[in-house]
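Novice: Take the given structure of chain D and dock chain L to it, following the hints.
Each chain is listed here by its residues.
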Amino acid sequence: MQTKQSGSIKSSEITPEQTYLNRRNFIKAAVLAGTTFATAGVYRWLNEPPLAVAELDKIENLKTAAEPNNEITAYEKITGYNNFYEFGTDKYSPARRAAKLETRPWMIEVAGLVQKPKTFGIEELLKFEQEERIYRFRCVEGWSMVIPWAGFPLKKLLDSVEPLGKAKYVAFETAYNPKTMLSSFSAGIDFPYVEGLRLDEALHPLTILATGLYGKLLPNQNGAPIRLVVPWKYGFKSIKSVVKINLVENEPPATWNLSAPKEYGFYSNVNPAVQHPRWSQAREQRIGEFGTRETLPFNGYADEVAHLYEGMDLKKYF
Amino acid sequence: MQDVKFNKFVVFVNSLIPLTLLAWDAVWRQLGANPTEFAIRTTGFLTLIFLLITLSITPLRKLTGRNDLIKYRRMLGLFAFFYGALHLSIYFAIDRNLSFTSAAGDIVQRPFIAFGMTAFFLMIPLAVTSTNGMIKRLGGKRWQQLHKLTYLCAIGGVIHYYLIVKSDVLMPLAFAAVLATLLGYRVYAANQKAAQTPVVPKQSKF
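Note that the protein sequences, when read in sequence, are chains D and L.
Just so you know, the first sequence maps onto residues 273 to 590 in the working numbering.
Just so you know, the second sequence maps onto residues 273 to 478 in the working numbering.
Next comes chain L alone, as it looks inside the complex:
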């Protein structure tokens, strides 16, 4: 379907479904024995899922020729940021009792927290510069350069996940494998492009 406005609406509604169910279960006290842990884990999982979906847009566009997919990328990226912000807020408000000293101590003592925080704070400039106005102000090329930070966010996020699990590393490794494929595709595509572009010495136009 080529109705972009409608498609965006579908993506938007679907992206809010997990939040709706999480909130619903919270209201009805259906989050299990450890609701805080459940909410933190679920929002963290969603952040990574949305980051990976966002990163899969470019490969999908190129592989399927559906260039219009780019139109949904900003929203997906912003949802990654949104769930990441929720993840951090619940951790800070409930697990850390709103204590900055406690959170700072956690960053120092626990490498997985340091990775997670870094990944999240790297997402802030990306969210801030996601508007059309900012793209214009920065210029397409610089904007693209800046938004390569998404790769670092995703890598940091996956390491964060890997470090929190005790011995059941299969799930974080699955995320790592998907991420490696998505990033690997970019390296491959860049090499292909470099190989196809004939090497002509740059000449002055005049």
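Next up, chain D with everything else stripped away, as it sits in the complex:
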């Protein structure tokens, strides 16, 4: 049988070689551009750029408010690099997800071994005279910041409820709402987050309840509306978004201590001499600096607080 094929296609219908090559080149260019775009997209999706922090109200009865300078960590960094496991286990998620935290109304129950147990509304606590405290903040993970907190000494609050003689420790608890926060399973630690201090640590003048930073109300990711700040201890002791304060007789449970007792002691004073299996505690990365610097005993507050631990083996009670 005769094939008509060759006869049926006019030479003018044959795709010129040039066009054929152009088509191939076009496909190649598309493949290259498409895959490159996709890879870049995946990278960007995994590393979302940080969000700007919403403008927050100024704290009214605060006398001085720090201006950003070279000594103090920048506001975007303090508010963009946080550990708040209820809102994600990496340091960038809390800035995004903590927006879901509802901070009004907010009540703090102060109870336990006290003469006058009381539940405070946040407005009442904001009426306490607020002062600015510029503290070093050292995370157990080996990074640090210098933060201009606003707040008031915890002692003020504790004095107002009159602790009984039997009270030896103070237990703290963070708010927990499973609808807006991670489950314990995803975070890997138990919620609600709890922490504790010895009573003398809690009454120490350096220990504050912070309500703001840089003269403005605390952003959610930093533990709004009120959090503990204990500057000579690793950051995880400075419990965020506090709803309960209980005075007790025995050492209260502390979340990270429960999850890994060999890594996180109850005291967790900043101590360059006590090694951690993951992070060198001898040095720290000060956020905003290039390279690392030495970590100081008690985070540089030894003169003020070392006497609290006189006679204690700080390698045992780490």
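Calculated from the structure, these hints are not laboratory results.
One or more hints might be untrue.
Unchecked claim - From chain L, some residues computed to sit far from chain D (all C-beta separations above 12 Å):
hint, residue
1, PHE278
2, GLN302
3, LEU324
4, LYS343
5, VAL380
6, PRO383
7, ASN404
8, LEU421
9, LYS438
10, ALA448
What the hints assert, rightly or not - Now the in silico label distances, taken between C-beta atoms and shown as ranges:
hint, chain 1, residue 1, chain 2, residue 2, range
11, D, LEU568, L, PHE284, 40 to 50 Å
12, L, ALA365, D, SER531, 50 to 60 Å
13, D, ASP462, L, LEU418, 42 to 52 Å
14, L, PHE372, D, GLU343, 24 to 34 Å
15, L, MET406, D, TYR589, 54 to 64 Å
16, D, ARG565, L, PHE284, 36 to 46 Å
17, D, THR287, L, PHE284, 28 to 38 Å
18, L, PRO397, D, GLU343, 47 to 57 Å
19, D, THR308, L, PHE372, 34 to 44 Å
20, D, GLU343, L, ASP340, 58 to 68 Å
21, D, MET584, L, MET406, 36 to 46 Å
22, D, ALA545, L, LYS277, 29 to 39 Å
23, L, PHE372, D, LYS534, 21 to 31 Å
24, D, LEU318, L, LYS277, 45 to 55 Å
To be verified - With a cut-off of at most 27 Å between alpha-carbon atoms, the simulated DSSO-like pairs for lysine-lysine come out as follows:
hint, chain 1, residue 1, chain 2, residue 2
25, L, LYS277, L, LYS465
26, L, LYS343, D, LYS300
27, L, LYS277, D, LYS300
28, D, LYS300, D, LYS330
29, D, LYS300, L, LYS408
30, L, LYS343, L, LYS413
31, D, LYS349, D, LYS390
32, D, LYS488, D, LYS372
33, L, LYS280, L, LYS465
Beta carbons: idealized from backbone N, C-alpha and C, even for Gly.
Specialist: This is chain L only, laid out in the frame that chain D set:
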């Protein structure tokens, strides 16, 4: 597309995209509050990703019948080594301030560093012997034996990752699950092969 040269080029360009974006963000100071930590974590993550992609070539070849995939494996493996070298360099240069004593102390005190270092140093002989010339010199069989070290590198790398996280073990466990699948496939394939090969007593050819 069967144009191997072009495909290799596509793989090469795509493998460099994360580095390009990392460098771009570094130049524009967009690496977040802790740039060193970010760069170390990202390059470490990339090392593991490339190790897993490299290890997935053999199963993919067998499952899809696309034997030409082998042609891209060397480049992917070398990218794993490249990102691993970057990871270690940034850690050593910035986190350890170029101090060998400090790095040595870190290895002793922190098991995760010991695992990571071991995994990286095991990659060096693999990178060195990745050329055609070396394959010839070693002979295919010995070369293959040596390159089984990749399994150890990947296992060490995943343990390294698991040990650095605090409590959020889901991601390292996901890596472990993928790795277990890829290695499990090899065990399965080897068993299948052994079962299919009739057991004939070896006889002399003469």
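Novice: Each hint: holds or not?
Specialist: Checked hints:
no.	hint	verdict
1	PHE278	violated (6 Å)
2	GLN302	violated (7 Å)
3	LEU324	holds (15 Å)
4	LYS343	holds (16 Å)
5	VAL380	violated (10 Å)
6	PRO383	violated (6 Å)
7	ASN404	holds (26 Å)
8	LEU421	holds (26 Å)
9	LYS438	violated (7 Å)
10	ALA448	holds (15 Å)
11	D:LEU568 / L:PHE284: 40 to 50 Å	holds (48 Å)
12	L:ALA365 / D:SER531: 50 to 60 Å	violated (33 Å)
13	D:ASP462 / L:LEU418: 42 to 52 Å	holds (47 Å)
14	L:PHE372 / D:GLU343: 24 to 34 Å	holds (32 Å)
15	L:MET406 / D:TYR589: 54 to 64 Å	holds (56 Å)
16	D:ARG565 / L:PHE284: 36 to 46 Å	holds (40 Å)
17	D:THR287 / L:PHE284: 28 to 38 Å	holds (31 Å)
18	L:PRO397 / D:GLU343: 47 to 57 Å	holds (49 Å)
19	D:THR308 / L:PHE372: 34 to 44 Å	holds (39 Å)
20	D:GLU343 / L:ASP340: 58 to 68 Å	holds (60 Å)
21	D:MET584 / L:MET406: 36 to 46 Å	violated (60 Å)
22	D:ALA545 / L:LYS277: 29 to 39 Å	violated (59 Å)
23	L:PHE372 / D:LYS534: 21 to 31 Å	holds (28 Å)
24	D:LEU318 / L:LYS277: 45 to 55 Å	violated (30 Å)
25	L:LYS277 / L:LYS465	violated (33 Å)
26	L:LYS343 / D:LYS300	holds (19 Å)
27	L:LYS277 / D:LYS300	holds (12 Å)
28	D:LYS300 / D:LYS330	violated (57 Å)
29	D:LYS300 / L:LYS408	violated (33 Å)
30	L:LYS343 / L:LYS413	holds (18 Å)
31	D:LYS349 / D:LYS390	violated (36 Å)
32	D:LYS488 / D:LYS372	holds (19 Å)
33	L:LYS280 / L:LYS465	violated (31 Å)
Comparing the model with each earlier hint shows violations of hints 1, 2, 5, 6, 9, 12, 21, 22, 24, 25, 28, 29, 31, 33; every other hint is respected.
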